Structure formats: structure tokens, C-alpha cells
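Enquirer: What follows is each chain in one-letter form.
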Amino acid sequence: MALKIVKGSIDRMFDKNLQDLVRGIRNHKEDEAKYISTCIDEIKQELKQDNIAVKANAVCKLTYLQMLGYDVSWAAFNIVEVMSSSKFTYKRIGYLAASQCFHESTDVIMLTTNQIRKDLSSPNQYDTGVALTGLSCFVTPDLARDLANDIMTLMSHTKPYIRKKAVLIMYKVFLKYPESLRPAFPRLKEKLEDPDPGVQSAAVNVICELARRNPKNYLSLAPLFFKLMTSSTNNWVLIKIIKLFGALTPLEPRLGKKLIEPLTNLIHRIMSADRSVYIPFLVARVRTKGESMSVLKYVKAMFVFVVKYLGLLAMSKILKTHPKSVQSHKDLILQCLDDKDESIRLRALDLLYGMVSKKNLMEIVKKLMLHVDKAEGTTYRDELLTKIIDICSQSNYQYITNFEWYISILVELTRLEGTRHGHLIASQMLDVAIRVKAIRVFAVAQMATLLDNAHLLTGNVQRKGICEVLYAAAWICGEFSEHLDNPTQTLEAMLRPKVATLPGHIQAVYVQNAAKLFATVLKSQEGNTDSTAAQETSQLMIDRLPLFVQSANLEVQERASCILQLVKYIQKLQQKDVEIAEEVIALFAGELNPVAPKAQKKVPVPEGLDLDAWINEPPSESESEDEQPRAIFAKEEPKHSRPRHTEVDEKELAKRREARKQEQANNPFYIKSSPSSQKVYQEAPGVEHIPVVQIDLSVPLKVPGLPMSDQYVKLEEERRQKDRADKKKKEKKKRKEKRSGRGKRHDSGPESEEDITPAHMVDIVTEEMPEVPSRISNTISPSTLWVFDDKKSSKHKKKKQKKEKEEKEKKKKKKHHHHHHHSDGGGEESVQNGTVEEEEPLPVSRDGPDQVNDIQGNLQDGSQVVVSVIFENKCDSFLKSMEFNVLDSLNSKLQRPEGSGPHDGLTVPFQLPPGQSNVCLFVIHYLLFVVVFPQNEDSSTHEKLDFKLHFTCTSYLISTPCYSDAFAKLLESGDLKCSSVKLEGVVMPFHHLLARICFRHHFSVVERIDSCASMYSRSIQDHHVCLLVKTSGQTVSIDAKCDEPTLLGNVLDEIKQTFSQC
Amino acid sequence: MQFMLLFSRQGKLRLQKWYVPLSDKEKKKITRELVQTVLARKPKMCSFLEWRDLKVVYKRYASLYFCCAIEDQDNELITLEIIHRYVELLDKYFGSVCELDIIFNFEKAYFILDEFLLGGEAQETSKKNVLKAIEQADLLQETKEQKVKLSILH
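So the sequences go chain by chain: E and L. First residue of the first sequence? That's 1239 in my numbering, and the numbers climb one at a time after it. First residue of the second sequence? That's 25 in my numbering, and the numbers climb one at a time after it.
Read the hints as simulated data drawn from the structure, not as lab findings. A portion of the hints provided could be inaccurate.
[What the hints assert, rightly or not] Computed cross-link-like contacts, DSSO-like style, restricted to lysine-lysine with a CA-CA straight-line distance of at most 30 angstroms: (1) Lys116(L) / Lys41(L); (2) Lys1414(E) / Lys68(L); (3) Lys1282(E) / Lys53(L); (4) Lys1578(E) / Lys151(L); (5) Lys1397(E) / Lys151(L); (6) Lys1356(E) / Lys1397(E); (7) Lys1840(E) / Lys1810(E); (8) Lys1604(E) / Lys1496(E); (9) Lys36(L) / Lys51(L); (10) Lys1272(E) / Lys41(L); (11) Lys1427(E) / Lys1397(E); (12) Lys152(L) / Lys1267(E).
[As the list claims (entries may be wrong)] Label pairs and their calculated CB-CB ranges: (13) Lys1736(E) / Val44(L): 29 to 39 angstroms; (14) Arg76(L) / Ala1676(E): 28 to 38 angstroms; (15) Trp75(L) / Asp1781(E): 28 to 38 angstroms; (16) Arg76(L) / Val1679(E): 23 to 33 angstroms; (17) Arg76(L) / Leu1349(E): 28 to 38 angstroms; (18) Val1679(E) / Gly35(L): 28 to 38 angstroms.
Keep in mind that this is a model prediction, so the values were computed, not measured. Beta carbons are placed, not taken as given, at the ideal position from N, Cα and C, and that holds for glycine.
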């Protein structure tokens, strides 16, 4: 035994210890890496030995190497070995190495759990202490979870040394394993009143840090801390407590008042006794190895700077609450701008931002401009530049009294070397020039100079930032060209070949604005008697523009070629001595008005529309699916009525619909594969869920009700007028968006298209289909709609009788019957209209043309139906022109070309020789009345042929393919009503029967199994209609499901009628 | 406190203590960046600087820079005080501490730091207590080593 130890000791004598290693490294300054690699090899050898002392020595050296930046992760296991040594000397080194080298992803940490637990419960307090210290550096969530209880026990250890360590480490444990907070908190609170000041301060530390993350939970501790604050003399603890109160006071305002007194006392005490002398005093005591005097000097200076920085910090805090008191220190702060230290300069800049007023703005900016010139380092200069612009433009240029001054500041800023903020300057120039009308003359003059001297800005390609300014300059010169002194010169400057080196988007602006300038120049020159000047200008354009036509940038190319052609055309006209300037000017006439980014807010919300209210009831989570979807089709009784379903009130329905929609909307994979139906019937995948998404998107667009749309326009008008009036007086609006789409600009007077805010989009939509109250508005204001419906239906009822009489005399050639279903989703409405025949049946001349029509919903637009009318000439004469007209009603109107009156007919785009037929498509908004006036011009007789179109429910159905699994899902969704019908004596084969339903009623087959088929269709208003058709012998039973009961009934009636005819 | 670094005027790292778990790569990157930034500052500049989203408090004692990174809400002055207190502790322990003391006894420097700070928070504000703990722990070590020596003799 002794021999072994002796042997180990002798070995050790030959090993390098840490001191040797450090010395070695210092002696091998030239080949440090080489030396260290040999050392690492030695260490590897040492780690292989059994002797723990050798290992510990190796690990100690490794820790040093780790600090120097060498990877020692390979030795992680050896570190654990040393950690688990029973001797404190080695254990200490092991833990130190672990705390330096381990991090959360070190996998051997898992092995340490039990070792640490053993050390924590060691009778030796230093073992425990060293374990706790180590743990604080490499604690992982796993370790925290496993050891939380052990550490919690240590919080009540008899030794304060352990207690305070345990308390502090609990903070780390809470961070890694938050669940431990709740059980540990009472004990932690106890520690606030621990007799040992160290433990107490540790507890304050932990609670303070916790409270910073979530102050609310610690409000109840406020009285305890208050007591501590007044009683404690430990400054460290006091600072922490004050910090804690800082987090608590925002939550409990009363606390602030209470704190004033003790805090003032504290400050007095510290000021008189400690702080002012404390730091320099202590610093002076630091031994400084012979250079104490100089060190002391700079430490003193540093102290002054420390205070300066903190003073600025404090001022910026005070500025928020008491701006006046800080403003008096303006000179001091301006002095700080001269400081060598960047942190102080930046702080001072921040302060200046809040300090400016109308009076001192110019002075401050002047001072800043001086600094810009002096400043070294682009980052600081850029910071200065942005600050200048920020300061000037804050609160909508509130402090700027003279905009000429501001423009010249901006122009001066463009001369900055290498700034990256050209874009910022450009946007400021544009903003000011557009919004401050009075400044334009000055601005244009400045910009013209800039353009003239563009080579100064573009001279260096590196300075890509600043050439952005030319964008603004070109635009301003072009747009406000009437203010230019010498437009020809500026035009010349804009068309210099050098421009081609600028970035594409700037060139594009150049080209466009050259055209504007050209227009102005033309205007001025045309007044003269000498026309050569004008022609010379055109020639200049024609000479220079090809340069841009060859540009690599598409935008430039496009604009240039377009304008080049235009100029060529103008030149042609000029040669004919045509006065063209007016017309060219008209291209760019009109004022561009900025729109405030918040303009939308000024549009009042229409009465009765609460944007925050739920349109439908929010879906409840507890909604239970009590319905067995498959069971519905399983029932055979034809007349079976389902009271349960019909009883479901509208509200409930809406709720379910909403819930389903939400679910579908949230689920991009709405179609889920169900185990029952793997068959893919449809080829085009995913087609069918597009409409589902569309429903949700289109709905909000229709929200504002019809009567509001005019009001909107008026209000918008008023607002804009007001804005303009405002602007004349003073600039108030902040304009952010640069206009786009200049091409669209017409000669529309002061009101340009650019003014139209997105709000109008909504209006347009409502105007387009005013008759159609949307699904949503139905639910919002049912009362108004009820009235609307009632009127209509009573009218229809009256007509009905008349019509039916007439119908008997009428010669009808229609292949099938249609019933109108006004399928806009308003259930009530359809009740009334569903079966009414609206059409005017009028006698048709026997030899006259004949129409067979097919009506189909328009797939693109849910509010339209497309009617295909077949005109067949049955008479002998040639039909030269025909006109097709519809008497517009409340519910329907013919889609006419723009500009035609409400009663104009549509000319049928073909002529009809005798015996021929042709098809014409008409788009009709919810059409009810259709009348055709074919004019027989040959015999110079005008014949009017009235006819009627039947609009049936199913003509509003759109045959939509549907996947079987989506179909199953739909049935399961539970918001479909069901109904069924039984047909007797149908003799046709089953597939004929299906084909007939498909053709006549626009259904599509989802799935067919033997003598049973499921079919699907949807209405143009996106009501789903599902059918299950079964046949047995001559009996056909049809079960149908639909989310709109009236539609359902009518569809079934129609199908029944179809089959009763055969 | 997030971490503490000690480095020489030549930029050589003398001590590092991390209270946030970071990978070695990140540690190295931060160290390199921070050492450069701090060394570039002139003597008359402020001891606090804003760096990334942290505040760095540093102080130079002779040829050594003591540098701490704290969070935004932390108090800079108290951090400065912590640095100073640590220097005092080193001074007391080594008796007129110099850079070489820290280089050659770097593990001791760590032990002192660990007694003073734990998990980035000041653990013991009393210098006396810290030094007592260190001395006792050292004593423990000494006695053990003594025993080994004794066993050699016997």
C-alpha cells in the first residue's frame, strides 16, 4: 500500500503540474500550439493512469487549456471521475473543471446525478459547498428535477454557509425546472428572515430576480421587503430591494408614495457616508505596483465618466415625465456630444430627440450638422444623420417652422460621405415637397441643382446609398416641373448618358419624369412663334431615350420604349404644325394627394354594424355530435320527417356552420382519408375544397349593407376635401405610401385615382351587386331584410295567378321546367319565392324564333347565373338583328355592358338565317324576368317575341365534383337537414336515372355501389346538396341532405317532377 | 450577471466564468468580440457599454481587465462594486495580488470567485466570510496532503 503511494508520488514528481504548464506555455511563445499539443498528449497519458492524484493534476491542466480555447470535451468522463474522488482536494478540482467545461449538451452530466446527491448530503460542509457551486454552473433541467428536493432540504441546513448557497442555487433550479417553485416558495420566504445576513441577502437576491420575471405574484411580499428596507444596513441587499420595488410599483401605485420617505432617507445616508467617497476611496486602496499615482488619476477620471453616463441615463428617464426640467440642461447635453466616448454621445443624442422645441430646433440641428462633419466612423455618422432626420420629422414636423431650412439641411446631408441612409433622405424630400405646397418652388430649384450635380453623388459606386436621393430629386423636378426656372436644362441633365449607371429603379423614375418635364418644356416652347425649339426638344428625347430602351432593367425598358414611341408620335404631329402641348400635358395633369396611413379610421362605421361583435355566436367547445350521419340514409320510410332536425333553430344552425367553417379553415387538409372510402372518384384533386375557402374569403367583402355605399363615397369625399383644406393651412398628415401606378392617372381634375383608399374597394363590391344582401348582412340586420322579403313575396303572389292562366295558352318549347329558387341563402326568402313562377309567359309567334335555354350558375361569381339561350329561326325570313332584353327587377338584372342604361337591350351578336339556330350566353344577376325582342328587319317588321324563362332551384346548382371522403365528412358535419322522396314505377335503368339527375339537375356522382349512388352538388350560394339514390325494382328512393331546407324541398320536388314525366 | 471575464492588456484570457449555459463555440465568439471591443476603448471612456442586448461593465486594474456582462435591468454600479470586491478578495488572499498570481493559481482564483458569487448572484458580501471559507477549505486540502506526506514518511 505504502509502496504504491510512494510510487504514485514519485510519478507525480516527473509530471508537469499546472505551474509547469503555464510556465511552459509562456516559454514557448513562438510554437505555442505545438507545445500544447504535446502537453495534451501527456495529459492523455496521465488520464489513463489509476492514480487519482495524477488524474486530478491532468484535469486541472485541462481546465487551464480549456480557458485558452482548446477543446477538452473528450475528457468529460475523466472530469466526472475526478469529481467523484473522496478527497476534497481532487473533488474541488473536478467540480471546477466540470463547471468550466460542461454545458447542457454534455452527455456525461447524466452520470453525475448520484455523485452530486452524495456530495450534497456529505457531512463535510465544503464538500456540499463545492458541489452546489459546481451545480450552479452546469445545472440541466434533468438535474434540476432530480435534485430539487435535496437542495430544498439544504435550505434548512444548520450551517449558514450551506443555507445561503442552497438558497441561491434554487434560482437556477427554478429557471430550469419551474415546477419546483411552488413547493419551495414558502421555505424561500422564510429565509428572508433568516438570522444570518448572508442567507437573508441570498433570499432577497433570488426573490428579486424571480419578481423581475413576474412581479404580480410577489406583490404580497411588499410589506416584508418594506420592513427589510428600513431595517437593513447592508447596501447590497438594499440595492436589490430597491430594484425589486422598481418592478412592483407599476403594479401597485400606492407603493410608490409609501416608498418616497424611506428612499429619501436612504439616499441621504448613502450620499453623506458612502457613495460619493466610497468608490474612489476603495479604488485608491488597490495596490497598483508602483504606478499608483497614474492609476489613481485615471480611475478618478473614469469615475467622473461613470457618473456622466449614468447621469445621461437618468436624464432620459426623467425626460419622459418632466421634459421641462431636462431642457434647461441643453448645453450640458450638447457638450456630451463632443465626448470621446461613443456610449455617452449616443445617450446624449437620444436625449436631444426629446428636448427639441420650435425655438431650439435650428440651433440643435446646426450643432449636430457640425458634428456630422467632424464625426469619424460611419456608424456614428449614420446614427447622427438618422437622428437629425428623426428630430426634424418627429410628430409630423411639429417643430419645423421653416421648411426651406429643412430642405437645405437635407440637401447638405446628401454631401455626406458613404452614408447608407440615402433612402431616408429621399423619402423626407418627397414627403416635404408633396405635403408643403409653399415650399415646392424652393424644393424644385434645389432638386434641379442636385440633378445638375448628380455626378457628385454618383461619382463613387460604393456609395450606393446616397444616389437614392436622385430618385427623389428626379421625381420632384418632374412632378412640379412648372416651378422650374430652366426646365430644358434639367431635362438635359436627366437624360445624360451617365444616368445609365444608376440603379434600375432610379432610372425608371428618371425616364418617367423626363417625360413629364418634356411635357412642360413643350408647353412653354409652343407659345413661342419659333417652333424649332420645341422640335429640338423632341429630337433630344428621341436621341437620348434609346439608351434607356437598352437598359437591363425591365421597368426602365418598358417606360423608355413607351415614352420613346410617344415622343416620336408627337414629333410627327409637330412637323405638321399641330399644337400638341396641351394634350401631352394632359397625360400628367392632376394633383397627387397623399393619403394618411390612418385615413381608413376616419371612415365611420355604418350604423348598426359592430365590427367587434361576433357575426355568429362563437363556437362552443362543448358542442356534441349527437347525430349518426350514416343512419339518415339507412332509413327507408319515404315520408319520414325528422322533427329533430327541423326543430334546430337558426341560431344553432349558424353556430354549427361557424364551427365547421372554422374547423375547415384551420385545417388545410380538410379532406381526411377515412378508412371506409379509399376510392378516389375524382381526378382533379383538391378542386372541391377551393370553394370552401372562397366562402370564407368573400364574406367580409360584402359586409357593408347596400344603402350605405353611397354614404361611404360621400363621407370619403368630404374627408378628402377636408384634408385638402387642412393641408393648405398646415401639413398635418403623415404620408408614408408612395403612390404607384402613375399610368392610371387620367385627366380627372384635382381628384385623382391615387386618392382612392382601399375603403373604396369594399364599396365597389357592394355596388356591383346591390340587390344581393349577403349572407352575413342577413344575420346582422334580419329585420330590414324581412321587410324587403315580404314586399317582394306579396308581389309575386299576385303575379302568380295571372301567370298561371297565361301559361296555358303559351306554346312552350322548353325541354325542362325550372323553378326559381332565389338561392342567396336567406332561408326566409326562399320560402316565399321558391315555387313561384316569376316569368311573364307571352304568346310566341308560331314561325318565330325559338329559344331553348339552359341556366347555370356562374362558377366565377356566386351572384350570377349564366343563361344560354338557343335562338332558332323557324320562319322563312332572315333575322338580321336581334336584341335581348330583360326587365330588371328587384331580384335580378341583366349584365349589360358598362355605360348602357338599365333598359337597354343586348344585341345578339349574330344573324339568324331561316332554319338555323345559334347559342348565345347572357350573364344575369339573379334574373327573374327575361324578354327577348328579335327584330325581323327583312320584312321591315319589328316583332317582339316575349317569352319566359323558368328558373328552377336546380338551375342554381353547380355541378361540383366531390371526393367521397369529403362527402362523408360533410354528412357527418351535422348541419344538413334531410328529407326524402320515393318514386314509384320508374322503369329506366339505374345509370340512366343517374345520368338524368346529373344532366337535369346539375349533380355529380360521388360514388356508386350497385343500385345505390351518392350524388353531390352545390348552389351558387354554396349550399351543399347531397343525394342518396337507391333503387329496388321499380321503386326509387331518394334521400337528400342540404343545409337549406327550402332548397332541399324544391330540389326534391323537381326531381320528382322529372321522373313523373317519364 | 451572465458571465465574468478576466483578460490581460494583450487580450489573453486569464479567467472566465459563465453563468449561462452556452456552447464552447459561442463562448469563444463572445470572448473574442468583447475583448476586442473593451481593449479598443480609451482609458478615459466610460466603464459601461451597451453590447448586443447586454450591458458590459468593465474595469482595468493594472494590466488586467475585469469585465462582466449584466442584463438590461441590472445595476451597473453594483456590478462595478462586485468587480472591485473580487479584486479586494484576491488581493487579500494572495497578498498583493498581481497578474502572475492569477495565472499560476488560476484554480484558486476560481475558488474565491465561487465563494463570492454563485450562479451570477453575489453570495457573500462579507470579505471576512469569503476568505474564512476559502481558508478552511484550503486547510482541508492541506491536512489531506499532509497526511499523504506523513504516509510517505512512515
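Enquirer: Enumerate the violated hints, using their earlier numbering and listing them in ascending order.
Expert: Numbers 2, 4, 7, 8, 12, 13, 14, 15, 16, 18 - these are the hints that the structure violates, sorted from lowest upward.
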